[in-house]
Amino acid sequence: MCNSTIMKPIYLFLFLFLLAACQKQVPTTERALYYWKNTTNSLTGEEKQALTNLGVQKLYVKFFELESNAEYKVVPTAKTHLKLDESLLAVEIVPTIFVRNEVFKTIPTSFIDSLAGKMLQLTDKYYKEKFGDASAAYQELQIDCDWTAKTKDMYFALLKALKKQSKKRISCTLRLYPYKYPDKMGIPPVHKVMLMCYNLIGPLENEHKNSILSIEELVPYLKGTKDYPLPIDIALPVFSWMQVYQYDRFVGLLIPPDAKFDTYLEAENDLWFRVKKDTVIGHLYLRTGDRIKNESISDKILEEAALQLKKYIKLKKPTTIAFFHLDESHINKDNYENLNRLYATFTQ
Amino acid sequence: MKILTVCMLLLLSSFGHIEACGPYYPDKEDYRVQFIQPPYFLGSGYSGFLYSSASFHEGDATEVGADENVALWWKYCKSIPKKEDIKAVVYADYFDFEQKPSTNSFVQYLQAQQDNAAIEYLRFAYKCSVYNSFGDPWEEDEAASTQTRKKYLELAAAQAANIQNEALKQRYAFLAIRLAYYESDVNKLQTLYSNYFENKKERNLIDYWALSFMAQTLNVRNAETNYYAAQIFVHAPDKRRLAFYELYNRKVDVEETLALATTAEERAAVWLMYGLVNPAKNLEIIKQIYQLTPNSELLDFMLLREVNKLEDWVYTPHYKAFEPTSSSIRNVNMAARLARDRAYAQELLSFVQSVIKKDVSNPLIWQMAKASLFMIGQDYINASNELKMAAKMAAKNPDVLAQIEGLGLLCELENSPIKGVEVPNKMKTFLLQADDRFEREILFAMARTLEYQGNTTLAALLFSKVNSTQNYSDIIYWRTTKGSFNGLEMDYYGHYLNYLEMQYSAEALQALIDNLKETPKNNPFSQWLYAGKEQHIPHLYDILGTRYIQQNKLEWALQSFEQVPDSIWNSYPYNIYLRANAFYTNLYSEHQPTEADSVVYTKTSLTRTLIEYLRKAENPLEKDRDYYYFLVATAYFNMTQYGNSWMMRRSYWSIDGVRYALEDDDEFFKCLLAKTYFAKAASMATHPKFKILCQAMVGRCEQYRLRQELLKEAGVYYWEREAYATVLKKINEQNVFYRNLEVEHPTEYEELTSNCYTFDTYMEARLN
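Those protein sequences? They're chains A and B, same order as listed.
With the numbering used here, the residue at position 80 of the first sequence is 80, and numbering never jumps.
The number in the numbering used here is simply the position in the second sequence, starting from 1, with 348 added.
In short, the hints are calculated from the structure, not lab data.
The model shown is predicted, which means the values in this text are computed figures rather than measured ones.
Ideal placement from N, C-alpha and C gives every residue a C-beta, glycine not left out.
It is possible that some hints are incorrect.
Calculated pairs, DSS-like style, for lysine-lysine (alpha carbon to alpha carbon, straight line, at most 27 Å) [claimed, not checked]:
| no. | chain 1 | residue 1 | chain 2 | residue 2 |
| --- | --- | --- | --- | --- |
| 1 | A | K276 | B | K830 |
| 2 | A | K184 | A | K163 |
| 3 | B | K1077 | A | K79 |
| 4 | A | K260 | B | K1077 |
| 5 | A | K277 | B | K599 |
| 6 | B | K1077 | A | K300 |
| 7 | B | K435 | A | K73 |
| 8 | B | K435 | A | K277 |
| 9 | A | K276 | B | K1060 |
| 10 | A | K223 | B | K423 |
| 11 | B | K629 | A | K276 |
| 12 | A | K128 | A | K184 |
| 13 | B | K1077 | A | K311 |
Label-pair distances were calculated between CB atoms; the ranges are [stated by the list, open to error]:
| no. | chain 1 | residue 1 | chain 2 | residue 2 | range |
| --- | --- | --- | --- | --- | --- |
| 14 | A | D262 | B | A628 | 43 to 49 Å |
| 15 | A | T106 | B | A440 | 23 to 29 Å |
| 16 | A | K277 | B | Y474 | 41 to 47 Å |
| 17 | A | S110 | B | D747 | 20 to 26 Å |
| 18 | B | E487 | A | T106 | 49 to 55 Å |
| 19 | A | A90 | B | S1102 | 52 to 58 Å |
| 20 | A | D262 | B | T496 | 52 to 58 Å |
| 21 | A | E337 | B | A607 | 52 to 58 Å |
| 22 | B | E613 | A | D262 | 54 to 60 Å |
| 23 | A | T77 | B | T496 | 54 to 60 Å |
Here are some chain A residues pointing at chain B (derived, C-beta under 7 Å) [what the hints assert, rightly or not]:
| no. | residue |
| --- | --- |
| 24 | V75 |
| 25 | P76 |
| 26 | K118 |
| 27 | L120 |
| 28 | L122 |
| 29 | E216 |
| 30 | Y285 |
| 31 | G289 |
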């Protein structure tokens, strides 16, 4: 009896300690989607529904891409035409800029500050014109670039310049390779990174694996990797393709022209189809015996990926969980339930 | 022993040529085979549209367009000024016309003619050029530029209306059209086009420039725009890109477009565009163009594209063992496709032979095509004869002659296979100076041909030269003919030693070593051919010894390994990845370091010890035969995918396993020898606990065999949890060794398969 009384405060302490420990492991998540299209000027009804039904708080919108140009050194291309109507202004818009790695091979260091200024000027302009009123300002700017060890210094200099000039929260995308090998690839000078958990392998690298996302490929990047020194957000894929590619570089999609196209194919398994008759689709000459890989991501794989990410990465709150990308053909009423469950997985 | 999980292990990195680590894969254009080089036959105006695997063609015809524009000005000046002076003025951002006397012959001419109208036009064009874009791409000062562009548009239109000089009128009208385009003033643009350019009978470059802007303003891409695209493509080289990518719609029926063409030349242009977007066979289109305009350069261009296409379809798989770059994926029935494509080459050849040479624009191109098509069809005698004729026709063109020489030597090699390593003098001369990409591709093709002919020694010597002096950006890659992977899904080779390791037989390796050990002849070719051989021989012995291990010829392996100096065993990668006790395992550690690793083995010492233990194990007089069989089995186990000495059989390791396509793949993944010897140890063991341990190890080997076979058969992966668990259950059920053990010795079975500390106690029972 006496012992029991003495133990009570200890149990209580242990309970509180465990509760605190548990709470620490459960990050607060922000639900996000990427919007990567640049030819549309508004969201479709289904896409608007998706934002609402999934409780999306952040929308990463690609504002433009940067590519090398002889006259201007660097020019913005693939500019967004999207304009959100007022009903959606509650969603936080994160301007996102895709920078082609080649850009850093052609510009002088002295151009970095000026480039950062131009990027911010154009971002501000688009944000005010398309996503808010004249006084509106975004909180976060994200830069997407598959930098290499060779371009690291220039890219990081640009990130620093953006951080300094914008005085905003700068995030950048992070592929799994630089996540695994920060010593080699450097740690970008940003406030947080978005870990892109897809396209881990080239489409031709392994015919048995889904090149969009394979747990078999994902886990080795996560397992045994040191804690990354920056807060990590997570991006997962929700898209599919029939791929046409050149090894490590994806060059385009095979869009089946019509249902008749199926008659040219015979299925080998879930991933692979074999061409039965020579035919030209777009610019691609499909020959008898060619094989086509039709890749999509199942809910099961996404769930497993989420579990593995939770297992191996210490997520700090608030963590943003983003799906790539908002398009009614990939995100619609058929998968709201699954996507909601996936978002929730990170908070369970 | 460290586990390699992600990065490919680099064997032989000391040779200075390092295969890329990680997701790198050669670009298709890096391995596509192309022997006929169109730039030597065609002007640069086609550079962006030559045959290529790239979906977007590189190449720029701006200069060609500029030259044609200069030619118009030259004609305007009655062919008097120098063309380079015209270009210096017309394509400058600014020119000081006030400076007198001018040193520029074009300006001098205009001044002498008092052609102030032309000078004023040029001044005006400079001012307008700043506004030839949709404003500042960074959108920093749009309002000001729009205002100025509008002003210049009005001025240009007014000048076009008022000026009498027809040439300048046309140019002002074009400037106005271009400004209207960037001002997005479609009505203005179409009115200007209608007033100054539509329905003209005689057209020049400026007309097609104007057409290119007008066509872009049309709302749809239909037969009309395809028709315009075709004419622009043919007549305005610097607008070809625009015509192809912006205007042409490949979905439109060619017949609809042809209906709009009024002349043979226009119809030929329509066929040309249709052929350009068609990645399939184009013979029928070529025939159409020939019928319409036999002497056009466009026909030559299309023929060269088709020859290059066939080279890709046939040579890329034949020589490099890669799929044609136009193919989307591997694992096609390549032999059947090659036969069909060679048959198509024959069809094209028949057509080329039927063409009357005097009718075509450049007979040399047709002659080269003929020779090439004979080669593609493997008729090297006729190819050789056609090349000789081509050489006569190309007498003044050293670039073409160099191509002919290389191809001729390749034909000669096909016609007269070389025995031994003695090379004909002409071939020696060629090889000694092989430096540029084409020459090295021919060198490689010769090496591959020799390999196919069975002369593997000379082939290897040439393979060693393919990339010997090249940097990363210009490496020739190839595959093995059996599709071997050398780790992490990497099935391409750029270093001959890596290649030999995966492709060459023990006999071929031995013959190569024997040849390298002979004293080379004292002549420049031999010195070149055998340069650096002292460095290579030990590595070749390593590869040979490994091949014998793969064949389980231990004595032969030992003899080879003994030729490898310890310095190699003590350096990377062996100093990291082959540093373990191969005669120890404890059921669980596999690749993890153990205390037993205080004793480590090299390939030589491991093989020697294995032979010694095997001898003891098989000696009826030996009292510890069960123990030695156990050690032998352990070593064989450690030499598999799952053991600490996997480097005895492979240079690369991946957690997923790799499709090496080597003769001991079954052994490497299924532990067959280990299982046999553990079973022998079990049959001879007298100590009950040790016997059970041996039986457990047999079960473990069996488990790996079943995993390999049943998981592969089911095609499931570990993240497919339910399906994976089902197969694992099946594996456990089918493992008769485990099942018997479980029935006969349930407690020990449980201990040995679930407790990682029990192994040593069972082993110690035997040792004590």
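Tested hints:
no.: 1; hint: A:K276 - B:K830; verdict: holds, 24 Å
no.: 2; hint: A:K184 - A:K163; verdict: holds, 23 Å
no.: 3; hint: B:K1077 - A:K79; verdict: violated, 54 Å
no.: 4; hint: A:K260 - B:K1077; verdict: violated, 42 Å
no.: 5; hint: A:K277 - B:K599; verdict: holds, 20 Å
no.: 6; hint: B:K1077 - A:K300; verdict: holds, 21 Å
no.: 7; hint: B:K435 - A:K73; verdict: holds, 25 Å
no.: 8; hint: B:K435 - A:K277; verdict: violated, 52 Å
no.: 9; hint: A:K276 - B:K1060; verdict: holds, 26 Å
no.: 10; hint: A:K223 - B:K423; verdict: violated, 72 Å
no.: 11; hint: B:K629 - A:K276; verdict: holds, 17 Å
no.: 12; hint: A:K128 - A:K184; verdict: violated, 39 Å
no.: 13; hint: B:K1077 - A:K311; verdict: holds, 26 Å
no.: 14; hint: A:D262 - B:A628: 43 to 49 Å; verdict: violated, 20 Å
no.: 15; hint: A:T106 - B:A440: 23 to 29 Å; verdict: holds, 24 Å
no.: 16; hint: A:K277 - B:Y474: 41 to 47 Å; verdict: violated, 57 Å
no.: 17; hint: A:S110 - B:D747: 20 to 26 Å; verdict: violated, 41 Å
no.: 18; hint: B:E487 - A:T106: 49 to 55 Å; verdict: violated, 22 Å
no.: 19; hint: A:A90 - B:S1102: 52 to 58 Å; verdict: holds, 56 Å
no.: 20; hint: A:D262 - B:T496: 52 to 58 Å; verdict: holds, 56 Å
no.: 21; hint: A:E337 - B:A607: 52 to 58 Å; verdict: holds, 54 Å
no.: 22; hint: B:E613 - A:D262: 54 to 60 Å; verdict: violated, 42 Å
no.: 23; hint: A:T77 - B:T496: 54 to 60 Å; verdict: violated, 24 Å
no.: 24; hint: V75; verdict: holds, 4 Å
no.: 25; hint: P76; verdict: holds, 6 Å
no.: 26; hint: K118; verdict: holds, 5 Å
no.: 27; hint: L120; verdict: violated, 11 Å
no.: 28; hint: L122; verdict: holds, 6 Å
no.: 29; hint: E216; verdict: holds, 6 Å
no.: 30; hint: Y285; verdict: holds, 4 Å
no.: 31; hint: G289; verdict: holds, 4 Å
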